[in-house]
Amino acid sequence: QVQLVESGGGLVQPGGSLRLSCVVSGVTFSSYTMSWYRQAPGKERELVAVISTAGYSRNYADSVKGRFTISRDNVKNTVYLQMNSLKPEDTAVYYCNAARNTNYYWGQGTQVTVSS
Numbered sequence: 171q172v173q174l175v176e177s178g179g180g181l182v183q184p185g186g187s188l189r190l191s192c193v194v195s196g197v198t199f200s201s202y203t204m205s206w207y208r209q210a211p212g213k214e215r216e217l218v219a220v221i222s223t224a225g226y227s228r229n230y231a232d233s234v235k236g237r238f239t240i241s242r243d244n245v246k247n248t249v250y251l252q253m254n255s256l257k258p259e260d261t262a263v264y265y266c267n268a269a270r271n272t273n274y275y276w277g278q279g280t281q282v283t284v285s286s
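Numbering-wise, the numbering used here comes out as the position in the sequence shown, counting from 1, plus 170.
No wet-lab data here; the hints were simulated from the structure.
Fair warning: this is a prediction, and the values are worked out from it, not measured in the lab.
The beta-carbon is built from N, C-alpha and C at its ideal position, and this holds for glycine as well.
Hints are supplied without guarantee of correctness; some may be wrong.
Using C-beta positions, here's what the derived DEER-type ranges look like [what the hints assert, rightly or not]:
| hint | residue 1 | residue 2 | range |
| --- | --- | --- | --- |
| 1 | S187 | D232 | 35 to 41 Å |
| 2 | A231 | G178 | 17 to 23 Å |
| 3 | Q278 | L217 | 25 to 31 Å |
| 4 | G186 | R270 | 32 to 38 Å |
| 5 | G178 | S233 | 17 to 23 Å |
| 6 | K257 | T198 | 32 to 38 Å |
| 7 | Y274 | G178 | 19 to 25 Å |
| 8 | N244 | S286 | 17 to 23 Å |
| 9 | T283 | S201 | 29 to 35 Å |
| 10 | T239 | Q171 | 15 to 21 Å |
| 11 | Q183 | S222 | 29 to 35 Å |
| 12 | R228 | N273 | 20 to 26 Å |
| 13 | G180 | A231 | 19 to 25 Å |
| 14 | K257 | A224 | 27 to 33 Å |
Using the sequences and the hints, build the whole thing.
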C-alpha cells in the first residue's frame, strides 16, 4: 500500500532550523508532484511548498519564501523541507502530500513547535 512517513519535527527556538523528511513507498515516486502542507491549531491546512516531479519547478507560500527550501531525491524516494529562520507562527503539524492526476496521498504529519 501507499505510505508517506514524515520525520524531523520537534521543538526549536525562534531563529532556529529544522529539516523535515518524507519517505514515500508504494508508488512510483518520480511520477508524483510532492508538496508540504501545514495546519496550525484552529486554522485550515495550507500549502507551504510544492516541487515538480523532476525537481526543476518549486513554489512557496509567501509566508515562507526565502526561509524554506523544498527538495527531493528520486533515488531515495524522499522529499525534504529545509526550514530556516523559524518563527513562532511556523508552529503547526506539517504534512507531506503526493499528487498525480486524481490520486492524492497524505502522510500522518510531524509536529513543529517554535518557541523560546
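Evaluation of the provided hints:
1. S187 to D232: 35 to 41 Å: 20 Å, violated
2. A231 to G178: 17 to 23 Å: 19 Å, holds
3. Q278 to L217: 25 to 31 Å: 18 Å, violated
4. G186 to R270: 32 to 38 Å: 34 Å, holds
5. G178 to S233: 17 to 23 Å: Roughly 20 Å apart at Cβ, these two residues keep to the hinted range, so it holds.
6. K257 to T198: 32 to 38 Å: 36 Å, holds
7. Y274 to G178: 19 to 25 Å: Holds: the Cβ-Cβ distance is about 22 Å, inside 19 to 25 Å.
8. N244 to S286: 17 to 23 Å: Violated, at about 38 Å.
9. T283 to S201: 29 to 35 Å: 34 Å, holds
10. T239 to Q171: 15 to 21 Å: 30 Å, violated
11. Q183 to S222: 29 to 35 Å: 33 Å, holds
12. R228 to N273: 20 to 26 Å: Holds, at about 21 Å.
13. G180 to A231: 19 to 25 Å: 21 Å, holds
14. K257 to A224: 27 to 33 Å: 31 Å, holds
Hint violations for this structure: numbers 1, 3, 8, 10, all remaining hints satisfied.
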